[in-house]
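Asks: Sequence:
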Amino acid sequence: MSLLIEYYTEALLNLLHGSHDMIETENESLRERVADLEKKVLEQGDEIVCLRSTLADVLRRLNQFESRGGPIPENRIPVRNGSVVHRVLLQNNHIQSSPQYKDSPSSMKKYQGSVSDLASRDPLRRAASYASSLPQRRVVHYQSTGSLHSDSPSSNSVSPVPTSPSPTHTPTPPPPQRATPAGTGRTTPTQKHSAPQRPTSVGNLSLAKRWSSTGDFHNVGITSPQSAMATASRLATKSLFNLYMRPQQHHPSLKHGKKPTPVHSTEIRTSISPSSAVELNTTSALANYATEKTMEVQTRDASFNEEEGSVRIFLRGRPIVLYAPSELAESYDLNKVTTPPQTRLKLEWVTLDSPDSYGYRGRDGRSNLYLLPTGEMVYFVAAAVVLYNVEEQSQRHYLGHTDDVKCLAIHPNKLIVASGQTAGHDRREGRSWKFNPPPDRTAPEADQWPHIRVWNSVSLHTLSVIGIGEFERSICCLSFSKADGGTLLCAVDEAPDHNISVWDWQKGERGQKITETKCSSDTVVAAEFHPLDRTCIVTCGKSHISFWTLDAGGTLYKRMGVFESRDKPKYVTCLAFTETGDVISGDSNGNVIIWGRGTNTISKLIKNVHEGSVFSVCVMKEGQIITGGGKDGRLKQYDAQFNDTGLETQVPEHLGSVRVVSEGRGSQLLVGTTKNCILIGSLEVGLSPTVLGHTDELWGLAVHPSLPQFLTAGHDRLVHLWDSMSHSVVWSKDIAEQAQSAAFSLDGSVIIVGCTSGKWLVMDSETREVYSMHTDGGEPIQVTDKVIFSPSDWCPEVARFSPDGGFLALGSRDNNIYVYQVSEEARKYSRVGRCSGHSSFITHLDWSADSQFLQSNSGDYELLYWNASLCRQITQSSELRDVEWASNTCTLTFNTIGIWPEGADGTDVNQSERSHDARLLATADDFGKVKLYSYPAAYPKSLCHTYGGHSSHVTNVGFLHDDSRLISTGGRDTSVMQWMLV
Numbered sequence: 001m002s003l004l005i006e007y008y009t010e011a012l013l014n015l016l017h018g019s020h021d022m023i024e025t026e027n028e029s030l031r032e033r034v035a036d037l038e039k040k041v042l043e044q045g046d047e048i049v050c051l052r053s054t055l056a057d058v059l060r061r062l063n064q065f066e067s068r069g070g071p072i073p074e075n076r077i078p079v080r081n082g083s084v085v086h087r088v089l090l091q092n093n094h095i096q097s098s099p100q101y102k103d104s105p106s107s108m109k110k111y112q113g114s115v116s117d118l119a120s121r122d123p124l125r126r127a128a129s130y131a132s133s134l135p136q137r138r139v140v141h142y143q144s145t146g147s148l149h150s151d152s153p154s155s156n157s158v159s160p161v162p163t164s165p166s167p168t169h170t171p172t173p174p175p176p177q178r179a180t181p182a183g184t185g186r187t188t189p190t191q192k193h194s195a196p197q198r199p200t201s202v203g204n205l206s207l208a209k210r211w212s213s214t215g216d217f218h219n220v221g222i223t224s225p226q227s228a229m230a231t232a233s234r235l236a237t238k239s240l241f242n243l244y245m246r247p248q249q250h251h252p253s254l255k256h257g258k259k260p261t262p263v264h265s266t267e268i269r270t271s272i273s274p275s276s277a278v279e280l281n282t283t284s285a286l287a288n289y290a291t292e293k294t295m296e297v298q299t300r301d302a303s304f305n306e307e308e309g310s311v312r313i314f315l316r317g318r319p320i321v322l323y324a325p326s327e328l329a330e331s332y333d334l335n336k337v338t339t340p341p342q343t344r345l346k347l348e349w350v351t352l353d354s355p356d357s358y359g360y361r362g363r364d365g366r367s368n369l370y371l372l373p374t375g376e377m378v379y380f381v382a383a384a385v386v387l388y389n390v391e392e393q394s395q396r397h398y399l400g401h402t403d404d405v406k407c408l409a410i411h412p413n414k415l416i417v418a419s420g421q422t423a424g425h426d427r428r429e430g431r432s433w434k435f436n437p438p439p440d441r442t443a444p445e446a447d448q449w450p451h452i453r454v455w456n457s458v459s460l461h462t463l464s465v466i467g468i469g470e471f472e473r474s475i476c477c478l479s480f481s482k483a484d485g486g487t488l489l490c491a492v493d494e495a496p497d498h499n500i501s502v503w504d505w506q507k508g509e510r511g512q513k514i515t516e517t518k519c520s521s522d523t524v525v526a527a528e529f530h531p532l533d534r535t536c537i538v539t540c541g542k543s544h545i546s547f548w549t550l551d552a553g554g555t556l557y558k559r560m561g562v563f564e565s566r567d568k569p570k571y572v573t574c575l576a577f578t579e580t581g582d583v584i585s586g587d588s589n590g591n592v593i594i595w596g597r598g599t600n601t602i603s604k605l606i607k608n609v610h611e612g613s614v615f616s617v618c619v620m621k622e623g624q625i626i627t628g629g630g631k632d633g634r635l636k637q638y639d640a641q642f643n644d645t646g647l648e649t650q651v652p653e654h655l656g657s658v659r660v661v662s663e664g665r666g667s668q669l670l671v672g673t674t675k676n677c678i679l680i681g682s683l684e685v686g687l688s689p690t691v692l693g694h695t696d697e698l699w700g701l702a703v704h705p706s707l708p709q710f711l712t713a714g715h716d717r718l719v720h721l722w723d724s725m726s727h728s729v730v731w732s733k734d735i736a737e738q739a740q741s742a743a744f745s746l747d748g749s750v751i752i753v754g755c756t757s758g759k760w761l762v763m764d765s766e767t768r769e770v771y772s773m774h775t776d777g778g779e780p781i782q783v784t785d786k787v788i789f790s791p792s793d794w795c796p797e798v799a800r801f802s803p804d805g806g807f808l809a810l811g812s813r814d815n816n817i818y819v820y821q822v823s824e825e826a827r828k829y830s831r832v833g834r835c836s837g838h839s840s841f842i843t844h845l846d847w848s849a850d851s852q853f854l855q856s857n858s859g860d861y862e863l864l865y866w867n868a869s870l871c872r873q874i875t876q877s878s879e880l881r882d883v884e885w886a887s888n889t890c891t892l893t894f895n896t897i898g899i900w901p902e903g904a905d906g907t908d909v910n911q912s913e914r915s916h917d918a919r920l921l922a923t924a925d926d927f928g929k930v931k932l933y934s935y936p937a938a939y940p941k942s943l944c945h946t947y948g949g950h951s952s953h954v955t956n957v958g959f960l961h962d963d964s965r966l967i968s969t970g971g972r973d974t975s976v977m978q979w980m981l982v
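Under the UniProt record's numbering, the first residue of the sequence shown carries the number 1, and numbering increases by one thereafter.
No lab work stands behind these hints: they were computed from the structure. Remember, it's a predicted structure, so these values are computed and weren't measured experimentally. Treat each hint with caution, since some may be false.
Unchecked claim - The calculated BS3-like cross-link candidates involving lysine-lysine, where the alpha carbons are at most 27 angstroms apart (straight line), are:
(1) 631 to 607
(2) 570 to 507
(3) 507 to 482
(4) 558 to 570
(5) 604 to 542
(6) 558 to 631
(7) 607 to 570
(8) 568 to 631
(9) 507 to 542
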């Protein structure tokens, strides 16, 4: 009987093992099929783009045919200036010019019917504005010889024609144009500036307008099959995919959230040269991604009316007419290229960023603050790694990353640093980048993929770039091996399985991966090599701590930590090691656990060390153990035998709770808090803040009119006054309201702070005393792409004092501008009136130099002018073409035409600022870039210098009173960056 039972037991076991093997095989097969399907979807996406491009071409030709009312000549496509281009077909790498259709009535009827059927089935529905949203033009492209690592200027426009000769196509003489109907005062789009069609009637002569357009072009001859293929690819990039996907990309609920950033043909992708990482390099707009669907670098579709002296541009399909000053009207040329300024920017100072970004973030509390032998603290802010010397009050910056840095590791020699980043601005979609690697992993654009950079902290030279195309998500944990001198590097990927990999980082410029395996399906917050055992790695996170062994064959084996009958914590939040090799862990229960060396069992448990989670454990050189609590904000000391010494200190509540503790010089401690403060001190003497920052969206920025100071105000309810020379906070105040805007009075003695609740405060700039609080307006709540406001019916979006100090203008979210008379040394405000006329919220406004007029922009791309004393709109915009403006914060003016790249929708540029000497123009955009132009940027082809550093949208920029420095503020990264003009 027993033999029978054993027989059936063994049979059942074999059956179970067989079924497990079958399931694993099927799962592996399923993964491979999913990966294959992802690749096929990407390949088919390219085909869909081409098909949509072809459909766009057919619809465009149909529009032309309907507007002309006659057949289109064979092999010719009419364009704006009346010239024609031949359709190029590529067959077997040979170029043929073939007819698109025949001129016979039957064939034309058939052609019309097929296109009509196609148009009727078009789910995208051709609208009346189709012609304006898909311009009938193409631009000649020239290959850029610049590198993304070079200092060449960037541009929002097409490059100037190279000096070397290139073959050109002589256009066929244009067909006769139809005369303009009498009394319309309009011309057809095909009229060309050099040969306008003038009406014969004298009465109509004055109504005729002459237009020059950036849509005019010449076809470039093709000399090789390769160039032919490149040209054909460029001619097929005007697809309906980009055209009709924009409304989704710019939906208010997606703005500044987790949406994929729209790719513009002129957007700069910054890749900093490792050899010159001390300074932000500028990049060339023509050196763009090789993998982008659209590779055109074009000038915004603009046209110039010589008679009126006005330029017409389009933002999101809306025509905007901008009048040139009289001195420029006669000589204005749309094709003129404005050179970038000789002045450049150098990053001088950076404040800390938000805990919800990638600084001291949330509950995982991993180590991200260290002290180097150079006396510098090293930490990361947005896409920059900051090296801060407290004694010398100086900063250096490693700027090799293209997006948020998420983790740091220090080599045992204390000189080499490894930093891991998330995917770049255009690579944040929720999919695997491991299965979608870049075509060329050595190309500059490949740096947009998640990767690790190993660099020298003294020279800031990049030693190795590891893992491009190897990580599915961001890198969340890094650690150098310690027992062997740092030859290995461990990394944890934020993939669903949180893969752990080990790299020989010194092999080649890209390193060599030794092994990779699944770490945990739950969150992993820390990974550390054991300091005494080369083959041991410890990881921890949600509901687990794991002990890994790396064998000689490069395989990782895992043992889970055993909590036995003790309460298993929800999170194991931090790791440290004793001098004897024992592992110390802190957890969300407030306990500290000691794990014996070489084991996965608990050797000692210290309960209730802190109220709430233990976010950091630091082992000092003398053996003392410092623990930091997140909820109680306390620091406690234990001796080497884990006995409480009784020494402890409390972090002030307004500075936040403890997030990370690191060893400083001697007995000093470095403490990072949840409110972006870095404190220095000891348990005996106490802690003092050395770095302060904001913790929420930062929009308010005001520069002192006569001192090297500036003010920042954010949604964290804090207002900081900064000294730009000492890089320190002069004072800080919690105003109990989310701040949106700020302004200094003429003499700098008074500050105006606008809040999202609809209130605006009058404060003393020295004592922080609030003189008064005001509220205006009565419109319902408005939700926009910048921020969602809670109970607020009026919000001062922008505040500006007049140049003579006698008036204050407040631009509101209720579509109005409120004007106040200022008296009693800017302490009393009497309302003059309300400027009504905008159809959307006010975004920017400027005063004229004589304090008589206002110009303002709104959320629907309007530029309106006002008589400030009467609060009346001036409808004849041309009358103010020669007015001198005291500032140029309005992003949509004649002097800022060049800041708008092709494809911009009107919200991509958040702010512009003119220098006080009127030589420079700085802009802040949605792609984390600060750009520097020569002022005025009045031509579509305006070149600029482009600088990265922010990891999200840049909300504001401002020049100091002497134009020696530029200040920029970040949105979600909440950082403040100070740039030196050199």
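Asks: Now look at each hint and say whether the structure bears it out.
Replies: Evaluation of the provided hints:
no.: 1; hint: 631 to 607; result: 16 angstroms, holds
no.: 2; hint: 570 to 507; result: 39 angstroms, violated
no.: 3; hint: 507 to 482; result: 18 angstroms, holds
no.: 4; hint: 558 to 570; result: 20 angstroms, holds
no.: 5; hint: 604 to 542; result: 21 angstroms, holds
no.: 6; hint: 558 to 631; result: 32 angstroms, violated
no.: 7; hint: 607 to 570; result: 15 angstroms, holds
no.: 8; hint: 568 to 631; result: 19 angstroms, holds
no.: 9; hint: 507 to 542; result: 34 angstroms, violated
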